[in-house]
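One letter stands for each residue in the lines below.
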Amino acid sequence: MTKRSWLPAVVALPGLLVAAMALASTAAAIAGRSPLWRTGELNLSEAAAVSDLATMVRLIRGGADPDARHRIRPGLLSAHESRLTPFEVALATRRPEVAEIWLRSRGPLGASVWIRAKCGARLEPGGSIEPIVDQHRPADLDAGAFDAQRDCAGVVRTW
Amino acid sequence: MPVEADVRLGQRVSAFAELLRLRWRWRNRWRARTFGVAFAFAAAVSYGLWHIPVQRFDSLEQLVAAQESPSVGAAFAGALQQPVYLRPLRIAQIKLLFDLSQGHYQLAYRGFHVALLALLLLIFTHTLRVESARDWVAAVFALTVLLGIHTFPPMVREAFPINHFLEIAVLCLAALALAQSRGGMWVDIAAAGVFACAALTLESGLLVWVVLAGAWWSGLRGVSLRGLALCTLLLACYAGLRFVYLDTGMPSLIERTSGFLFERLEPEELQRRFGADPTGFYAYNVVASLLSVALAEPRAGVFVATRAWFQQSAASPQVWITVASSVACTGLIGAWAITGWRARPQEADSRAALGRVALLVSVASAASSYAYTKDDIMSTAGVFYALAAFGAMRAALARVAASGRLAAVSLSVLLCLVSCGWAFRVITLDHVLRREVYRTRNDWALTPTLVRNGKRWPTDRRGLVLVERLEHDALTAEAPKLLPRWHYRWFEE
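Protein sequence lines, in the order shown, are assigned to chains A and B. In terms of the working numbering, the first sequence is numbered consecutively and its last residue is 187. In terms of the working numbering, the second sequence is numbered consecutively and its last residue is 1339.
A hint or two may mislead.
The following residues of chain A were derived to be distant from chain B, with all beta-carbon distances above 10 Å [as the list claims (entries may be wrong)]:
#, residue
1, Ala50
2, Ser53
3, Ser79
4, Glu109
5, Gly138
6, Leu151
7, Gly155
8, Ser156
9, Asp162
10, Leu169
11, Asp175
Estimated spans, in silico, between C-beta atoms of each pair [as the list claims (entries may be wrong)]:
#, chain 1, residue 1, chain 2, residue 2, range
12, A, Ala56, B, Ala1085, 50 to 60 Å
13, A, Ala173, B, Pro1163, 23 to 33 Å
14, B, Arg1251, A, Leu41, 13 to 23 Å
Residues on chain B that point at chain A, a partial pick, calculated with CB under 8 Å [what the hints assert, rightly or not]:
#, residue
15, Val883
16, Ala886
17, Ala889
18, Ala890
19, Cys1262
20, Ser1265
21, Val1272
22, Ile1273
The set of hints was computed from the structure by calculation and includes no laboratory data. Ideal Cβ positions, reconstructed from N, Cα and C, are used throughout, including at glycine.
Can you make the complete structure from the sequences, with help from the hints?
So, in structure tokens, the structure goes:
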């Protein structure tokens, strides 16, 4: 490489660039300023919005209120800021696994909570959430105890 | 007197250190730079890898078995009784790490995984034998091929709970490094040890013998004919143990799903189509596996890019970049093979030996995936493909240096474009790792649902404590930042 010795170096440039980026990002991560790894915490509804089920479980076990409407930052669910419960997020995003985590985290469901969830699930056009809600039907709720026309009257979409 | 002796000793030590420094500086400057680049890649991939919790699927069963096994020896002996596979060292390793972990499972298993990855990059860089600036440029390219090839993610994405495909790749590279060495009795013994470990870990471990034999045939005589004979004897013992003494069978059609042309077929469908005479299907798998490494198409037996092309359906840009960069790189290797491998093996450049060994490993890997084709099985072939890419790029750079001005510039631009394609594929690896962290954490979050559904789960107290610990590690693992939508469009296959 005596003549035009810079030419072959061009071939190494893309690899070197990626290696430099890799090293810089690792160093930043070790220093707690990672561009790729999360440094801030999500709240329960935000975790639901991005299907981060592990964070949902951890927050609920840590005492977060699963019925509260948490602020969801723009870009996570929609372009605008919103306030929804994790279950409403599950309905809005049509993600049964999020609904499953929300339902399971509450322990045995009371009749009123289950009926509220059932009514909400009926409003989800995809119909993917309702079977999950049905799986968590309280054992002591009679077969005829739920009447959609009566119990879901006035329930509207909030998402 | 003691003072004078100390001074003399100090001077000698200082002179020796200076000698070492000079040797390193002048003889290994480019090699040191290559190791620097390898270190940068190793650090970044290790960081992502470290964050993947111990997987639940396929790992938990192994961990529970390790917990129940009384000792490493018992685990080894128990694995000899398996009906289909002969992998006793695999089970023994899982048990050994389990015992050593003292409850720190993430540290033990993922730490071992990171160590294997570092070893892979270290030995890979060592086997390139970088000596000049041209070698260095080719080595940087080879490192991007190693990390960017589609057979690499299976070596970091999954672990059950040890990634044995990565382990086999490391052992094959170690065998190559031994073949490149100056040789001696201990090198022969080490080669036999490496072969025995690999063969008893996974069937793919038999590739170590292919590496040793191919290296010897190509003129790399670090492992002598005596050493190769010893390994061949061990290979014969393995065959005798597996097929005669233990009467362990071979994988059949109904083992798992497999790709065929444009679709994936379930075992029942495979049985229906090829049950009467599977020869054609086996031949397809061998050819598909070989093409997969060389052209990145088909993938796991399915012609993904071709299907997208004919159906004019939307495929990720990554699919096209992957195929294009693989075709270009294989073209380079082909050109190098035609022009550079003409010399008799004994007289050839040691880099040509890398190409020959790579070809043999690819053919042997493809043959071993006759029953079903998967990127995982071809992962060692992918590593050796990167070694061949090193030789091919080095030869292409030599041609640049020997060409006229216009031809040199044109060729450099072309090579740079190929290099850009592979660099893009390395970036994809970051996407793969972060997605895996996300997926594994979520798998653990859903575990109680599986308990309710009565799937594989420990029932005794010790087993439940083990699960709770693994679940805790997974749920508290650091999560990656959210991936923007364009990220999926560009990096998702």
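Consistency of the hints with the structure:
no.: 1; hint: Ala50; in the structure: 3 Å, violated
no.: 2; hint: Ser53; in the structure: 6 Å, violated
no.: 3; hint: Ser79; in the structure: 7 Å, violated
no.: 4; hint: Glu109; in the structure: 16 Å, holds
no.: 5; hint: Gly138; in the structure: 19 Å, holds
no.: 6; hint: Leu151; in the structure: 24 Å, holds
no.: 7; hint: Gly155; in the structure: 20 Å, holds
no.: 8; hint: Ser156; in the structure: 15 Å, holds
no.: 9; hint: Asp162; in the structure: 14 Å, holds
no.: 10; hint: Leu169; in the structure: 19 Å, holds
no.: 11; hint: Asp175; in the structure: 28 Å, holds
no.: 12; hint: A:Ala56 with B:Ala1085: 50 to 60 Å; in the structure: 52 Å, holds
no.: 13; hint: A:Ala173 with B:Pro1163: 23 to 33 Å; in the structure: 54 Å, violated
no.: 14; hint: B:Arg1251 with A:Leu41: 13 to 23 Å; in the structure: 20 Å, holds
no.: 15; hint: Val883; in the structure: 5 Å, holds
no.: 16; hint: Ala886; in the structure: 4 Å, holds
no.: 17; hint: Ala889; in the structure: 5 Å, holds
no.: 18; hint: Ala890; in the structure: 3 Å, holds
no.: 19; hint: Cys1262; in the structure: 5 Å, holds
no.: 20; hint: Ser1265; in the structure: 5 Å, holds
no.: 21; hint: Val1272; in the structure: 5 Å, holds
no.: 22; hint: Ile1273; in the structure: 6 Å, holds
In summary, the numbered hints that this structure violates are 1, 2, 3, 13.
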